[in-house]
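Single-letter residue listing:
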Amino acid sequence: MSTFMQLFLRSLETGSIYALAALGIIIVFRTSNITHFAQGALGTFNTFVVAILFTNYRFPLWAAILAGILSAFVMGLMVDYFIIRRAKKIAPIAKQIITLGMVLVIVGVTAISFGLDPFILPKLFPKGDVMIAGASISINGLFNIGFGLVLMGILFVILQKTKWGLAVRTTASNEFTARLMGVPTRNVTMIAWALAGVLGVLAGVMYAPLNRVDAGMLDYVQISALVACVLGGFQSFHGPIIGAYILAIAKNLMSFYWSDVWAEQLVLIAVLIFIIFRPNGIIGRKIVKKV
Amino acid sequence: MIKKLSSYKKGQPLIKNAYMSYALFGLFLALMPLFGYLGIIKSSYVTIIASVIYYSIAALGLNVLLGWTGLISLGTAGFMGLAAYISAYITYNMHLPFEIALVTAVVVSTLLGVLVGYISLRIEGIYLAIATLAVAEILRKTFEVFDPFTGGASGKPISYPTLFFFYKYSRADLKIFETLLYLILVLFLIAVMILVHNLMKGQVGRALNALRGSEAAAQAMGINLLKYRLFAFGFASATASLAGVLYVHYNRYTNPDRWLLALSLNLVAAIIIGGVRNIYGTILGVFIVVATKDMVLAQIPYFANNPNFALMFNGILIILIILYYPYGLIRIGADLKKLVVKIKEKF
Numbered sequence: 032m033s034t035f036m037q038l039f040l041r042s043l044e045t046g047s048i049y050a051l052a053a054l055g056i057i058i059v060f061r062t063s064n065i066t067h068f069a070q071g072a073l074g075t076f077n078t079f080v081v082a083i084l085f086t087n088y089r090f091p092l093w094a095a096i097l098a099g100i101l102s103a104f105v106m107g108l109m110v111d112y113f114i115i116r117r118a119k120k121i122a123p124i125a126k127q128i129i130t131l132g133m134v135l136v137i138v139g140v141t142a143i144s145f146g147l148d149p150f151i152l153p154k155l156f157p158k159g160d161v162m163i164a165g166a167s168i169s170i171n172g173l174f175n176i177g178f179g180l181v182l183m184g185i186l187f188v189i190l191q192k193t194k195w196g197l198a199v200r201t202t203a204s205n206e207f208t209a210r211l212m213g214v215p216t217r218n219v220t221m222i223a224w225a226l227a228g229v230l231g232v233l234a235g236v237m238y239a240p241l242n243r244v245d246a247g248m249l250d251y252v253q254i255s256a257l258v259a260c261v262l263g264g265f266q267s268f269h270g271p272i273i274g275a276y277i278l279a280i281a282k283n284l285m286s287f288y289w290s291d292v293w294a295e296q297l298v299l300i301a302v303l304i305f306i307i308f309r310p311n312g313i314i315g316r317k318i319v320k321k322v
Numbered sequence: 287m288i289k290k291l292s293s294y295k296k297g298q299p300l301i302k303n304a305y306m307s308y309a310l311f312g313l314f315l316a317l318m319p320l321f322g323y324l325g326i327i328k329s330s331y332v333t334i335i336a337s338v339i340y341y342s343i344a345a346l347g348l349n350v351l352l353g354w355t356g357l358i359s360l361g362t363a364g365f366m367g368l369a370a371y372i373s374a375y376i377t378y379n380m381h382l383p384f385e386i387a388l389v390t391a392v393v394v395s396t397l398l399g400v401l402v403g404y405i406s407l408r409i410e411g412i413y414l415a416i417a418t419l420a421v422a423e424i425l426r427k428t429f430e431v432f433d434p435f436t437g438g439a440s441g442k443p444i445s446y447p448t449l450f451f452f453y454k455y456s457r458a459d460l461k462i463f464e465t466l467l468y469l470i471l472v473l474f475l476i477a478v479m480i481l482v483h484n485l486m487k488g489q490v491g492r493a494l495n496a497l498r499g500s501e502a503a504a505q506a507m508g509i510n511l512l513k514y515r516l517f518a519f520g521f522a523s524a525t526a527s528l529a530g531v532l533y534v535h536y537n538r539y540t541n542p543d544r545w546l547l548a549l550s551l552n553l554v555a556a557i558i559i560g561g562v563r564n565i566y567g568t569i570l571g572v573f574i575v576v577a578t579k580d581m582v583l584a585q586i587p588y589f590a591n592n593p594n595f596a597l598m599f600n601g602i603l604i605i606l607i608i609l610y611y612p613y614g615l616i617r618i619g620a621d622l623k624k625l626v627v628k629i630k631e632k633f
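In order, the protein sequences belong to chains A and B. Our numbering applies: residue 32 is where the first sequence begins, and numbers increase by one. Our numbering applies: residue 287 is where the second sequence begins, and numbers increase by one.
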C-alpha cells in the first residue's frame with residue numbers, strides 16, 4: 032500500500048506539471064482556436080532564462096523564477112501581437128503550422144542565446160521529506176502538487192466569477208459575437224497567450240529539478256500535455272487537467288507494476304484507442320460541423 | 287526540332303512535357319557523383335544532395351497528405367525510422383537482399399499508416415496532428431528501448447546491403463556501392479515525382495482536392511471519404527518508409543535521435559516554404575531546409591559557428607510564407623518577372 036501511495040504522490044507531482052502545460056494549451060485553444068504546439072518550446076526558453084539568471088548572475092532562485100515569469104508573460108504578448116493577430120483570417124490548419132514554425136524559431140533562439148550546454152536548476156525547497164500514509168515525498172514535491180492545485184483553483188475562480196473570466200468564456204464560445212457584445216477579444220487573446228507562457232515556464236521550473244535544463248527538456252511534457260487535452264477533450268477547461276492527472280497516474284502505475292520499458296507506449300496506445308471510441312474526450316461535447 | 291524550338295513563346299515552361307522535365311532533372315541529379323569526381327563540385331556535396339533526395343521522397347508523400355488532402359501529420363519521422371530499422375534488421379542481421387528488405391519495410395509501415403488513417407476518420411482536424419504526434423512518440427520510445435532490434439540509444443551501424451539479389455558488398459567495392467545507392471536514390475525520387483504527378487493530375491487528385499474543399503460536398507458528389515483518406519495516409523507513410531529505407535542504407539547508420547519531431551517539423555516546413563501542391567516546390571523546400579545550412583550558410587563564418595540560425599531562419603520563413611505568400615517560394619521566379627514587367631510598363 033505504501034508503494035502504491037508513493038507512486039500515486041509521485042504521479043500527482045508530474046501530473047501537476049502536465050496539467051499546468053495543458054491548461055496553457057487549452058486557454059490558447061479556446062480563445063484563439065489554435066493548437067499551441069510551441070508551449071513546450073516557449074516554456075523551455077523561459078526556463079533557460081531562470082537557469083541563466085540563477086547560475087550566471089547569482090540571482091536567488093525565487094527572484095530568477097519571478098524574472099522568468101515576467102519574460103514568459105512578455106513573450107506571450109509578443110507572440111500574439113506579432114504573429115497571431117496577423118493570422119486571424121487563415122485556415123485552422125495553417126494556424127497550426129504557424130505554431131509549428133514558432134517551435135523552430137524558439138528552439139533556434141534558445142540555442143543561439145543560451146548555448147547548448149545543459150544547466151542544473153535546484154529545487155525550490157532543497158531538503159526535507161514528509162511521510163503521508165506510509166509514503167515519503169519531498170517537501171518540494173508536495174509544494175509542487177499543492178501549488179499546481181491552488182494555481183489552477185485560482186484560475187478557475189477567475190474564469191467563473193470575475194468579469195475577466197466571463198470575457199474569456201464568451202470569447203471561447205464565440206469570438207465574433209463576443210466582439211459584437213463589446214468584449215475586448217483582442218486583449219483577451221493577448222492575455223491568454225501571455226498566461227499560457229507563464230504556465231509553461233512554471234511547468235518548466237517544476238520539471239527542471241527532476242531532469243536538467245536543456246533544449247529538449249519539455250518535449251515530453253509538451254506531448255503529454257497535448258495528449259492530455261485530447262484525452263480530456265478540447266471543449267472544456269477542466270477536462271485537460273483531469274486528463275493530465277490520469278495520464279501521469281496511468282504511466283507511473285504501469286511502469287511500476289507492469290513494464291518499465293513499454294509503459295509509455297502502452298499508455299499512448301490506450302489513449303489512441305480511447306479517442307476512437309470517444310473522439311471528443313472524457314468531458315467533450317460533440318463539435319457540430321456546419322456545411 | 288528547330289521549328290519546335292522557334293515556336294517557343296514567352297511565359298511557357300521551357301520543357302512542355304512534364305515527364306521529359308522529370309527525366310532531365312533525374313539525369314542532372316545522377317551526374318552529381320561524376321561532377322564530384324571531376325572536382326566541379328565538392329565531393330562532400332554529393333552526400334548533401336543525397337540527403338535532399340531522400341528527404342524529398344518523404345516530403346513528396348507528405349505533400350499529398352498536407353497539400354492535397356489538407357491533413358497534418360507529425361508522424362513522418364516515426365514512419366521513416368520504423369522502415370529504416372526494419373530494413374536494416376533484414377539486410378544486416380538476417381543477411382537478406384536489399385529488395386526484400388525494401389518491400390517488407392514499406393509494406394509494414396504503410397499498413398501502420400493506413401491504420402492511423404483509419405483513426406483519422408474518427409477524429410477531426412486538431413486532434414489528428416496530436417494523434418500522429420503520439421504515434422511518432424510511441425515509435426521513438428520503442429526505437430530507444432527495444433535494444434535487440436534497434437541497438438538502443440547508441441544506434442545501429444550496418445554495412446551496405448546485397449543489391450539485385452546477387453551483388454554482395456565487399457570492401458573493395460566501396461565506391462561502386464556508394465554510387466550505386468546514390469543512383470537508386472535518384473531513380474526512386476524520379477519515380478515518386480512521376481507517380482505523384484500522375485496521381486494528382488488524375489481522378490485521385492481531383493477527389494482529394496474536392497475533399498479538401500468540403501468533405502460534405504465531396505461526399506455528396508459520391509466521393510468515398512474512407513477510401514481516399516486511407517489512400518492519402520497510406521501513400522504518405524509509404525514514401526516516408528521508402529525514404530527511411532534509402533536513408534539507412536545510404537548512410538549505413540541510424541539511431542533514435544534521427545527520428546525526432548524536429549525532422550517531421552522540418553519536412554512540413556519544407557513543403558510550406560517550397561510550395562504546397564507543387565512537386566518541384568517540395569524539392570526546392572527540402573533543398574532550402576536541408577542543404578542551404580551546409581552548402582551556403584557554412585561558407586559564411588558567422589553562420590558556420592551558429593548552425594541554429596538555420597533552424598530559426600526556417601521557422602521565420604514558415605510563418606512569413608503562411609501569412610503573406612501562401613503558394614511558397616517556387617512562385618517567386620514568376621512573381622519577380624511579373625513585377626519587373628510591371629515596373630517596365632510604368633516607365
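Each hint should be verified, as a subset may be incorrect.
Here are the simulated lysine to aspartate or glutamate pairs, DMTMM-like style, with alpha carbons at most 25 Å apart [claimed, not checked]: (1) A:Lys282 x A:Asp245; (2) A:Lys282 x B:Glu464; (3) A:Lys119 x A:Asp245; (4) A:Lys282 x B:Asp543; (5) B:Lys427 x A:Glu206.
These are calculated hints, taken from the structure and not from any lab test. Small disclaimer: the values here were computed from a predicted structure and weren't measured.
Against the 25 Å threshold, does the CA-CA distance of A:Lys282 and B:Asp543 hold or violate the hint?
holds, 23 Å
Would you check the hint for A:Lys119 and A:Asp245, treating anything up to 25 Å between C-alpha atoms as holding?
Given that 25 Å is the threshold and the Cα spacing comes to 33 Å, the pair is violated.
Verify the proposed pairing of A:Lys282 with B:Glu464, using a straight-line Cα cut of 25 Å.
Between A:Lys282 and B:Glu464 the Cα gap is close to 45 Å, so the pair fails against 25 Å, i.e. violated.
Does the alpha-carbon distance linking A:Lys282 and A:Asp245 stay inside the 25 Å limit?
It holds: about 23 Å lies between the C-alpha atoms, which stays within 25 Å.
Given pair status - A:Glu206, B:Lys427, alpha carbons within 25 Å:
violated, 40 Å
Violated hints for the displayed structure, listed by number in ascending order: 2, 3, 5.
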